[in-house]
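Visitor: Here are the chains, one letter per residue:
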Amino acid sequence: MTALEMITRVRGVRGAMLVSADDGLVVAEQLMEGIKGTAVAALAASLAGRLRRAMEAAGIGASVFWHLQSEKGALLVVPGGGGLLVVAVAEPEVNIGLVRLELLRAAETAL
Amino acid sequence: MSTRAVETWTLQPLTDFVREASVRLVLVLTPSGQVLAQSGFSRAVDVMSAAALAAAIVATTGELARQLRQPPFAALNHQGLKHGIFLATFPVERGTLAVLAVYDLDVSSIGLVQLFYEQLAADLKTASPKGAVPKQVLAADFERELTDSLNTLFGR
Chain X
2 MTALEMITRV RGVRGAMLVS ADDGLVVAEQ LMEGIKGTAV AALAASLAGR LRRAMEAAGI
62 GASVFWHLQS EKGALLVVPG GGGLLVVAVA EPEVNIGLVR LELLRAAETA L
Chain G
758 MSTRAVETWT LQPLTDFVRE ASVRLVLVLT PSGQVLAQSG FSRAVDVMSA AALAAAIVAT
818 TGELARQLRQ PPFAALNHQG LKHGIFLATF PVERGTLAVL AVYDLDVSSI GLVQLFYEQL
878 AADLKTASPK GAVPKQVLAA DFERELTDSL NTLFGR
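Protein sequence lines, in the order shown, are assigned to chains X and G. The first sequence begins at 2 in the working numbering and counts up by one. The second sequence begins at 758 in the working numbering and counts up by one.
Since the hints were made in silico from the structure, they are not lab data. Here a beta-carbon is modelled for each residue, glycine too, at the ideal position from N, C-alpha and C. Errors might be hidden in some of the hints.
Heads up, simulated DSSO-like pairs for lysine-lysine below, C-alpha to C-alpha not over 30 Å straight-line [said to hold, decoys possible]:
{"no.": "1", "chain 1": "X", "residue 1": "Lys37", "chain 2": "X", "residue 2": "Lys73"}
{"no.": "2", "chain 1": "G", "residue 1": "Lys839", "chain 2": "X", "residue 2": "Lys37"}
{"no.": "3", "chain 1": "X", "residue 1": "Lys73", "chain 2": "G", "residue 2": "Lys839"}
In silico negatives: residues of chain X with every beta carbon more than 12 Å from chain G [claimed, not checked]:
{"no.": "4", "residue": "Val41"}
{"no.": "5", "residue": "Ala59"}
{"no.": "6", "residue": "Ser71"}
From the structure, some residues in chain X lie toward chain G, with a derived Cβ separation under 7 Å [said to hold, decoys possible]:
{"no.": "7", "residue": "Asp24"}
{"no.": "8", "residue": "Gly25"}
{"no.": "9", "residue": "Leu26"}
{"no.": "10", "residue": "Ala42"}
{"no.": "11", "residue": "Ala43"}
{"no.": "12", "residue": "Ala63"}
When you get a sec, could you build the whole thing from the sequences and use the hints?
Guide: Next up, the structure:
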């Protein structure tokens, strides 16, 4: 089973992607219909870059996990090694802890 | 950042693109090098050089594609240490337009530029004057039209 399959098998996860953090391009994806993978990848990578700078400015080190909750779902991201981001798009009632665990595992295996 | 247009229908789509994609310099031009709009340039001579070089790249890659018996390349991205250059062409009613964008790698990315370029191309197609006939560029008129464009872009 691939790293992305491990994430998308969690109930409530609508898709997962590996994204190049520098380029904002999709490296691999497993998404349900209706999710614009290229747009999510580009914008998540842009956000990751800004968050990284904010955290550096705050002197609190690199981000390990971020979770953006919205009305109809959530965007969860783990910055992995090798310049990759592991991204999950989930429904609002998803088990965040479980998705986080799978994202962290994927970030380790995706190196 | 200053964004100015020779053809006013290009201004709003270009302004939106610059803001969303966080690009540093942009030219909207025809494949022959006539400039329709620019953003971020401060000198006419830089616009002239960039437009001439972009037109040459469009011509070169177009010919390369023709020799490979395939449709023209949709876009070209060239990335350096600090900056990236994105060049793409798309059809509008009056012919083909090209967009040249230069972006800083620490504030934007090729993913972001590609994403909002698609929106820019769609917006320009929608905004372009309907019923316009593609105009043939004559060598005799080119320099005068280029000078007129630069005068409009730089307020002379």
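Visitor: Each hint: holds or not?
Guide: Verification of the supplied hints:
In summary, the hint linking lysine 37 (chain X) to lysine 73 (chain X) is supported, as the alpha carbons are separated by about 15 Å, within the 30 Å threshold. Our distance criterion of 30 Å between C-alpha atoms is met by lysine 839 (chain G) and lysine 37 (chain X), whose separation comes to about 28 Å. Among the hinted pairs, lysine 73 (chain X) with lysine 839 (chain G) is inconsistent with the structure: their alpha-carbon atoms are about 38 Å apart, more than 30 Å. Distance check for valine 41 (chain X) against chain G: the nearest CB is about 10 Å away, which does not clear 12 Å, and the non-interface claim fails.
For alanine 59 (chain X), the requirement that its beta carbon stay farther than 12 Å from each beta carbon of chain G is met, with the minimum near 18 Å. Even its closest Cβ contact with chain G, about 19 Å, leaves serine 71 (chain X) beyond 12 Å, as expected for a residue assigned away from the interface. The restraint placing aspartate 24 (chain X) at the interface with chain G holds, with a minimum CB-CB distance near 5 Å, inside the 7 Å limit. A hinted interface residue such as glycine 25 (chain X) counts as satisfied when its beta carbon comes closer than 7 Å to some beta carbon of chain G; here the least separation is about 2 Å, so the hint holds.
Of the supplied interface hints, the one on leucine 26 (chain X) holds, with its beta-carbon coming within about 5 Å of a beta-carbon of chain G, less than 7 Å. Interface restraint check: alanine 42 (chain X) against chain G, minimum CB-CB distance 6 Å, threshold 7 Å, status holds. Because the closest C-beta pair between alanine 43 (chain X) and chain G is about 3 Å apart, less than 7 Å, the hint holds. Nearest Cβ of chain G to the Cβ of alanine 63 (chain X): about 16 Å, over the 7 Å cut. The hint is violated.
Checked against the numbered hints above, the structure breaks hints 3, 4, 12 and satisfies the rest.
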